[in-house]
Amino acid sequence: MSIDMEQFYEVFFEESLEGLDIMEQSLLSISKNENCDLEVINTIFRAAHSIKGGSGTFGFNDVANFTHVLETLLDEAREGKRQLTEECIELLLQSCDCLREMISALQNKKNINLQQSESLIAGFNRILSNEQETISTEQPKTTAPTSSTGSVSMSSKSKTNSPLEPNNDDNQYWQIEFVPQPQILMTGNEPARLFRELSTLGELTTTAMVEDIPAFADLTVDECFISWSLELRNSTATKDDILEVFDWVIDECTLEINLLGGSESAPENDAVEALVDSGNEATASTTVATLAPKETHSATENPQTKKPTTADKSTNTNSSSSSIRVGIDKVDSLINLVGELVITQSMLSELGSNFEMSKLEKLATGLEQLLQNTKELQESVMRIRMLPISFAFNRFPRMIRDLAIKIDKKVDLQIHGESTELDKTVMEQISDPLVHLVRNAIDHGIETAQERIAKGKPEQGTIRLDAYHQGGNIVIEVGDDGKGLNTDVIRRKAIEKGMIDSDTQLSNQEIYDLLFQPGFSTAAQVSDISGRGVGMDVVKRNITSLGGRIVIDSQVNIGTTIKVHLPLTLAILDGQLVRVGEQVYIIPLIAIVESLQVKSELVNRVSGDMVLYRLREDNVPIIRLYKEFGINADNTVIENALLVVVEADGQKVGLLVDDLLGQQQVVVKSLESNYKRVVGISGATILGDGSVSMILDIPGLITSASKRSKRHQQTKAA
Amino acid sequence: MSIEVTDQAISDQELRLEGIDFITSGDQYLTFTLGAEHYGVNVLNVNEIRGWDSPTLIPNAPKHIKGVTNLRGTIVPIIDLRIQFQVGDVTYTETTVVIVVSLENEQLNRTMGFVVDAVSDVLNTEESEIKSPSSFGGYVPAAYVKGLVNVGANVVTLLNIEQLLSLDEDHVEH
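Each protein sequence line maps, in turn, to chains P and W.
To convert, note that position 19 of the first sequence is 19 in the working numbering; the numbers rise steadily by one, no gaps.
Heads up: take any position in the second sequence, counting from 1, add 1000, and you land on the working numbering.
Think of the hints as simulated: they come from the structure by calculation, not from any bench.
Glycine included, each C-beta is placed from N, C-alpha and C at the ideal position.
Please note that a few of the clues may not be correct.
[What the hints assert, rightly or not] Partial chain W-side listing against chain P, Cβ under 10 Å, derived:
no.: 1; residue: R1050
no.: 2; residue: G1073
no.: 3; residue: T1074
no.: 4; residue: S1120
From just these sequences and the hints, can you work out the full model?
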């Protein structure tokens, strides 16, 4: 019986990605502290090892082979034979990226792009061989292949093992002992053909050894008893090139390949031994690589190791349903609560089965207990969706390290409150905006080292990431100690772009808000990191769509702090219940500015039957909910009616309602799952009495109302 | 060869069990009435039958979509088939029922309630007995009709659940 392995794939992918995160963090901590704690190296090794093991089990050979090379290096570091230098760490970090890509390719059932891993393997091998060449993303320089098997030469060449790479020393030569098994001819392999192939690689001398040939009577015609000793001179071929020639017969012979003669001196015995080992592994992976349909590319086409990461991410299709890892303590507390709930339930049902008025007090206590249980259960269930924000923060150390190197600034990252918990959905959607804010802070906020020294600041800039709870919200702060926002520059720019009039007076806060306008960029120079593509307006839109808001605080030459306020969860929101006719609607509390009773003298009819309400300085258009939704209402006169003033996207409107009912937390349910999107409605919820109530989508409502009034105007005009 | 043998075995079994109406070949349909007309939906898609309960209105929804109701924590839209198909009188009495129908496939995973006048019976029918609808269409769009079945003197219209639940009314000609 075969087990369907595919059901375990998802677990493997998840574990591998987790392992990669651990590796990356540990690597970063090594490069920061510069003391290689053995425990940290062990952690990295273990993570790499489990990925290798898992991928081997599931037959993801590309991943397994790649991790094997990684492991070889880590193993040496673990045994203290090797220091993890900066270049090793860089390479290992790149490998993490590469593995992540491989795994996401597997997840999406796409072909793995081997280019990157091959160049990385080459890099590793070079390090392993102790050849102190600078590690770059370039592939090793190898001479053009002379073998006739050109189509596979690329993949094998990139795995070239440097110590076995012959130098041009004329005295060096390859000594090959080739002892075929007797049945080799039966499989259609003719040694002479192999030798002909070899002779294309260099000057070949063959010596046949005939000692093993049995007596004539015992001789079988189709068996081969001859073995050969070959010498390949004047060759630029590598061991892999030679192995490749024997690729088809490798199972049916004993093969020994040695580099002899010349200035032969092994640099370090250990390294060479490990290398031969990994050399064999590399051969195995060569076979895998060549079997996969894959274009041949010339060695000059160096794959850029970093670029594909961003490109691939955007095309990722979310083929699998996401899952969540929950701490066992959370599950335990849930089980306890359910236990209590069951006890309360059985008590109540016993009470109900033979109820007398004398037991009324007991009933009341029972119901109270039930209320308590339900509340606690609700909280615990909500906690399951909560993840510590470190999930979102953890990517920053790496990102900042890379960015700082790239733009040559010195940046230190301080993270606080990483254990603050946040709803998983919110977390997923906040990651990208946060990345954007951090990039901005590094690129625009932090000055170059020279500028900083000139200003009397420490040479190293600081980026702060902080998360904490405040009321029912979570606040995430991204701060820097850079040059701060210059209000004059922003103002000038806004005037230049015609966003404000030159005589408008704006508070600092209002000026900062200009940054969130679409098309606003003060970056003098568009850089690779920020200043183009998605702007702050997208950041703001993302955060607003999560029901959050964003506040900037800045002081010139001291720094900028951006605070993102987010609701803890998307599943529950605080709502104001309002009644219109017989229907009850819920207005998200966060959108409400105030509720008031209309004073008739403040109502103005302007520009052709548009009703405005004067709210202090503002003129607020009034939306009649009953008209908007086509239902009946008790009150259709504006005078003395109740108005709920709400705000979305900076636009205030007044909603005309019949009654304000109360405030409560509501669980958001999707209307789309069984129906379709409804304009002006963001979802539905179930009230205490079991009836369904619609949750108003304020931005949507404002848009549709303004569209409606436009249509109205057009029909009137026509 | 072995396949034929098992086929034989199954038909043998069926022959023996003929007359017991809960094991038959073909499909079973829940039939109900709208005004004087009979309709049927595949019984496998029927979740439950509930009494009529005034639902919460959906703003600006078409007339036949009465609103949404709470079905054990799920928000389920309620559609009055009498309005949609323009048959019978639209009155809500104590006997008015809602048939909760659900569908779960790759494209669609939906639950909806349909208001009907009364539920009649469960009908067993073979695929061969289902006649294609006549080209003289009534108010019921052809896309919603799976076929017609004769039951005694009556004709039952079998409805195409997938089309009904897809709410994709642009492709349905009225």
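> Looking back at the numbered hints, which does the structure fail to meet, lowest number first?
Replying inline: Of the numbered hints, 1, 4 do not hold.
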